[in-house]
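A.B. asks: What follows is each chain in one-letter form.
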Amino acid sequence: MLSFFDSWFPLIYLYGLGGVFFFFGMYIIKRSGAIDLTIKRHRFWFRVMFFGFFYFVLMHVILTIAALYF
Amino acid sequence: MNQETFHSIGTSTDWIVMVVYFIAIMLFGSYFGRYNRSTKDFFFGGRRFAWWLIAFSIVATGVGSHSFVKYSAKGFEHGFSSTMTYINDWFFIPFFLFGWLPIIVYSKIRSIPEYFEKRFSPSARFLATILLLVYMIGYIGIGFLTLGKAVIPMLPESFALLGMTFDVTLMGAVIVIAIITGIYITFGGQTAVIFTDLLQGGILIFAGLLLFVLGMNYLGGFDVFWNLLPTEWKMPLAKFNSPPDFNFVGIFWQDGVAGSIGFLFMNMGLIMRFMATKSVNEGRKAATFNILFMLPISAVVVGGAGWIGKAISVANPDVVPPNTSPDQIFVVVANIVAMPGVFGFIMAALTAALMSTVDTLINATAAIYINDVYRPVKKWFKGKEVSQKMKDKRELFAARLSSVAITILGVLAVLVFKNFPTVYEAHGYFHSTLTPPLVVAIFLGIFWRKFTPAAVITTFLGGVALMLMGANHPGILIAPFDHGIEMNPSHPYSYIRAFYNIFVCAAVGVIVALAAPRLKSIVANIKSKENYKQVFYFIAGLAGVLFFGLIFSSSFITLHPGSVVETTVLLLLAIILILCVAISVTYFVKYDEEAQTLGLTAWSINAAKEFFKGGKVNDREGEPVKVNWKLKPGDEDTINFSKSDMDKMQADVGDLVYLTDARKWLGGLKSIHSVYGEPHDEEGIVHVNDEHTKQSQFIEGKILAAEKEM
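Chains A and B, in that order, are what the protein sequence lines are. In terms of the working numbering, the first sequence has 37 at position 37, counting the first letter as 1, and numbering is strictly consecutive. Each number in the working numbering corresponds to the 1-based position in the second sequence with 1000 added.
With the rest of the complex left out, here is chain A (with noise of 0.2 Å):
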């Protein structure tokens, strides 16, 4: 069986590092006002952008679960 070090803690890293600079870039598109959600074109990319990152997320949780227990 795997270490917890190297089967569940790189995911942990990389959606926890990789989300502090997916966030970060959420953030900065709205404060600068080069994402404005009063247009709706604009609320439709907002949405398929945290559907895009939990949408890798549970891709990757799946994938860890059926490799250490299937």
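Don't read these hints as lab results, they were simulated from the structure. If you're wondering where the values come from, they're calculated on a predicted model, not measured in any experiment. Beta carbons are placed, not taken as given, at the ideal position from N, Cα and C, and that holds for glycine. Hints may contain errors.
Unchecked claim - Computed list of lysine to aspartate or glutamate pairs in EDC-like fashion (alpha-carbon distance at most 16 Å, straight line):
| # | chain 1 | residue 1 | chain 2 | residue 2 |
| --- | --- | --- | --- | --- |
| 1 | A | Lys40 | B | Glu1623 |
| 2 | B | Lys1609 | A | Asp36 |
| 3 | A | Lys40 | B | Glu1621 |
| 4 | B | Lys1234 | A | Asp6 |
Claimed, not checked - Between beta-carbon pairs, the in silico distance windows are:
| # | chain 1 | residue 1 | chain 2 | residue 2 | range |
| --- | --- | --- | --- | --- | --- |
| 5 | A | Tyr27 | B | Leu1514 | 14 to 24 Å |
| 6 | A | Phe23 | B | Ile1297 | 45 to 55 Å |
| 7 | B | Thr1568 | A | Ile12 | 31 to 41 Å |
| 8 | B | Gln1650 | A | Met59 | 51 to 61 Å |
| 9 | B | Gly1220 | A | Tyr27 | 46 to 56 Å |
| 10 | A | Phe23 | B | Pro1230 | 32 to 42 Å |
Could you slot chain B onto chain A? The hints should help.
C.D. replies: Showing chain B alone in chain A's frame:
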């Protein structure tokens, strides 16, 4: 353990299939070469295509560059974690979709260095051009190396010609491939590349999945395959910090951070694709679709052969020896699981896709050469005035000639990378080393208004000096960043060096930007002296001497690699270099923060849109209309719709309009951008002039679709 290598894999049927495939692809590409009417079309495809066309054409570029060869190799050595570099590109997507993409489109820049001139100064552009050309040519070298490694297993060890025996070598194979690639790109251009990539993207996905299914079938089904692999091989992410040649944390910094930003923000080949979409929104759709759906599929497509190879080597080591050379595993597995002809088709798809990547990169590098070297040099020498048509013709010729020169340099770059154990490590080292200065400069330039020319130029010069020092003294300088990764003395810290490199470049940039007021006061202080000009020239000269001295000592002299004293002295010299560069640039470069950040940072996208349009932006949401077209006299670049059609589109005279053949499957190939002229009363009719029809190649009687751009 000695690696087993293979030669003469495949049959004559496979070679016939490959040759037919290549001829078909080249003819297909040449057909679209006729859409090149200027360098704008040659390089950018005329900003006209639909998102789906670009999204699929990117597949061949992405899959080709992150090739079958290197991911199959890592899949064979380490299992499913070979996919991790394909599923870690989302973190920087907000910065790209709402920062860099609108800025490059709306500011009408034609290359990344041009952005540096507008945002900072011509000297920043000069340095960015050098760094970018080195990066692009290195990337082309990696592409050629991969291509060579892909075809070598299919070739004999030697062949006889006119009574003489010639050994088949990697460099020999690379040179032949480069000649074929160079011929194609020289006469194709961006539109040809986009369309061949579109075709190849589809074929590539099909070929990769076909190979995976054939492999499963060979093994006896998915359950057998799954159960043959140990748990470690099924993990989607590698072990945290071991082994040195493939570990999660190193690859996160090398690929997830430097690679992702590099790929999205400074890979001119990819950026030109996004610039070829009809609008920023279409570019966003193409990028998003590619990362969300195409990259995970591509991860299976490119790594699958390695996983199958691993499973076969566990079940039957006589068929696939465990010590098979990792870079050959794709070809070996394809030959085992596919019948003759099918193997040829898979190999043709692989090599053609790799050629697409190299084509795209050569095309992009030629664009940088024309825009950032050829035009400024022409402007400098101020030659005889010639017509725009003649100028365009000359530039197109220069573009084609430079493509040939770049191809030759790409072949030479292979010499630098060919000694790495695998293509993956060569690529990792390349990304870690060449991307950080530009990545940091672009990133801070876009998102931080306070980032000054002094900061960007110091990032380039000071950053490069510190990076080279790190490369020379990894045990002292990179070790504190290593996350516990063991240092391999022959290739120290291939991946995690990206963390050190990004850190030093960002630290230099941020410190100099924050110190801007202090630098100004130092400059003002020096200027108050009588002989201040000599002082500034001395400081600039000292900076030059220190920079080249540090580069030279780091590149060619290795006195005491582990010496703390030597490293400390070099670090002190680097600090003096940084100070001298920052003071010199603050004095010599004229910079107006207000004017040079307007429309060029994420903080003023609306200003960029207004600049792009040349007036106030009309954001009212209208709907597209379908119209028939009529030819009008004159050459004024406006097109005229009826009043009611203008109302439907919520358009005003002077707004920007996109007009395309209504057949969606053409993906915008027959289309133009123009400006709304005065309306008329002919309902359902649009008036266009002769030049519009030539540019768009509209067909008489075919219905057009129009939509307001802004």
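A.B. asks: Against this structure, judge whether each hint is valid.
C.D. replies: Each hint, compared with the structure:
no.	hint	in the structure
1	Lys40/A / Glu1623/B	14 Å, holds
2	Lys1609/B / Asp36/A	14 Å, holds
3	Lys40/A / Glu1621/B	10 Å, holds
4	Lys1234/B / Asp6/A	13 Å, holds
5	Tyr27/A / Leu1514/B: 14 to 24 Å	20 Å, holds
6	Phe23/A / Ile1297/B: 45 to 55 Å	27 Å, violated
7	Thr1568/B / Ile12/A: 31 to 41 Å	36 Å, holds
8	Gln1650/B / Met59/A: 51 to 61 Å	40 Å, violated
9	Gly1220/B / Tyr27/A: 46 to 56 Å	51 Å, holds
10	Phe23/A / Pro1230/B: 32 to 42 Å	36 Å, holds
Consistency with the previously given hints fails for numbers 6 and 8, ordered from lowest to highest.
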